[in-house]
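Turn these sequences into a full structure, and let the hints steer you where they fit.
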Amino acid sequence: GAGVSQSPRYKVAKRGQDVALRCDPISGHVSLFWYQQALGQGPEFLTYFQNEAQLDKSGLPSDRFFAERPEGSVSTLKIQRTQQEDSAVYLCASSPAPQGNYGYTFGSGTRLTVV
Amino acid sequence: KNEVEQSPQNLTAQEGEFITINCSYSVGISALHWLQQHPGGGIVSLFMLSSGKKKHGRLIATINIQEKHSSLHITASHPRDSAVYICAGYFGNEKLTFGTGTRLTIIP
Chain A
31 GAGVSQSPRY KVAKRGQDVA LRCDPISGHV SLFWYQQALG QGPEFLTYFQ
81 NEAQLDKSGL PSDRFFAERP EGSVSTLKIQ RTQQEDSAVY LCASSPAPQG
131 NYGYTFGSGT RLTVV
Chain B
655 KNEVEQSPQN LTAQEGEFIT INCSYSVGIS ALHWLQQHPG GGIVSLFMLS
705 SGKKKHGRLI ATINIQEKHS SLHITASHPR DSAVYICAGY FGNEKLTFGT
755 GTRLTIIP
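These protein sequence lines map, in sequence, to chains A and B. Just remember that the numbering used here sits 30 ahead of the position in the first sequence, which is counted from 1. Just remember that the numbering used here sits 654 ahead of the position in the second sequence, which is counted from 1.
Read the hints as simulated data drawn from the structure, not as lab findings. Please read these numbers as outputs of a predicted model, since none were measured by experiment. Where hints are given, some of them may not hold.
[As the list claims (entries may be wrong)] Which residues of chain B face chain A? A partial, calculated answer using Cβ under 7 Å:
| # | residue |
| --- | --- |
| 1 | I740 |
| 2 | E748 |
| 3 | F752 |
[Stated by the list, open to error] Derived coverage of chain A by chain B (criterion: at least 3 residues anywhere in the stretch with Cβ under 8 Å from a Cβ of chain B; other residues may be distant):
| # | segment |
| --- | --- |
| 4 | 68 to 81 |
| 5 | 134 to 143 |
The beta-carbon is built from N, C-alpha and C at its ideal position, and this holds for glycine as well.
Take a look at the structure:
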């Protein structure tokens with residue numbers, strides 16, 4: 031596609047519910063990133079894929095967070111047993127090359143609200 | 655530790671004013687990004703630079719490697735420039751480290 035597409039745009043979940051957030055990167059982009067942005071803060075790194083390989087998941091805040099990119103294109107971020115502190119905007123970005131100095135394209139984000 | 659700091663956190667100005675947003679960072683940066691985020695929207699990449707200066711329309715970004723400092727300037731500011739501006743550093747480990755952003759409001 032022309033850009034990075036994320037769905038849903040908005041998600042309201044009851045505490046304890048599982049959610050799945052989807053990212054469709056630009057076709058052919060090797061690198062894919064997930065970031066979490068709390069209200070009034072800058073985005074914080076969650077995880078990074080190079081093709082289908084998850085090379086860095088050091089930013090995932092707990093074992094309730096899981097990400098996958100099984101075919102090296104679409105990625106899903108799953109949050110199990112959601113908590114109120116999970117409420118944030120989840121941003122996906124992709125880049126054409128392994129090294130980030132080729133620039134990034136960001137999606138519009140998914141705003142998750144846990145009630 | 656890779657760190658990126660921005661100032662000011664909030665900036666309100668009258669239409670037409672010259673705007674400057676500052677960003678400082680820790681050592682080892684490979685590239686610095688300036689990004690724009692509108693309310694409820696995603697992030698748009700404005701500039702990526704590793705040295706010197708870049709210009710696009712009314713936007714100018716500069717970086718001083720020795721001082722570990724970058725600035726984003728907006729000339730002849732307009733209400734549609736109102737957004738959050740974020741600088742982010744690429745320290746060579748694939749991911750970006752973001753500043754907390756500057757919320758810019760331009761009053762007509």
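Query - Within 8 Å of chain B's CB atoms, at least three CB atoms from the segment 68 to 81 of chain A: coverage verdict - result: holds (count 8)
Query raised in the report: Would the hint on E748 (chain B) stand, with a C-beta cut-off of 7 Å toward chain A?
Result: Status holds, d = 5 Å.
Report task. Verify the coverage statement for the segment 134 to 143 of chain A against chain B, using a C-beta to C-beta distance below 8 Å and requiring 3 or more qualifying residues. Result -> holds (count 7)
Report task. Let me know if the C-beta of F752 (chain B) comes in closer than 7 Å to any C-beta of chain A, holds or violated. Result -> This hint holds: F752 (chain B) lies near chain A, its Cβ roughly 4 Å from the closest one there, short of 7 Å.
Query raised in the report: Does the interface hint hold: is I740 (chain B) within less than 7 Å of chain A, judged Cβ to Cβ?
Result: holds (6 Å)
When each numbered hint is compared with the structure, no violation occurs for any of them.
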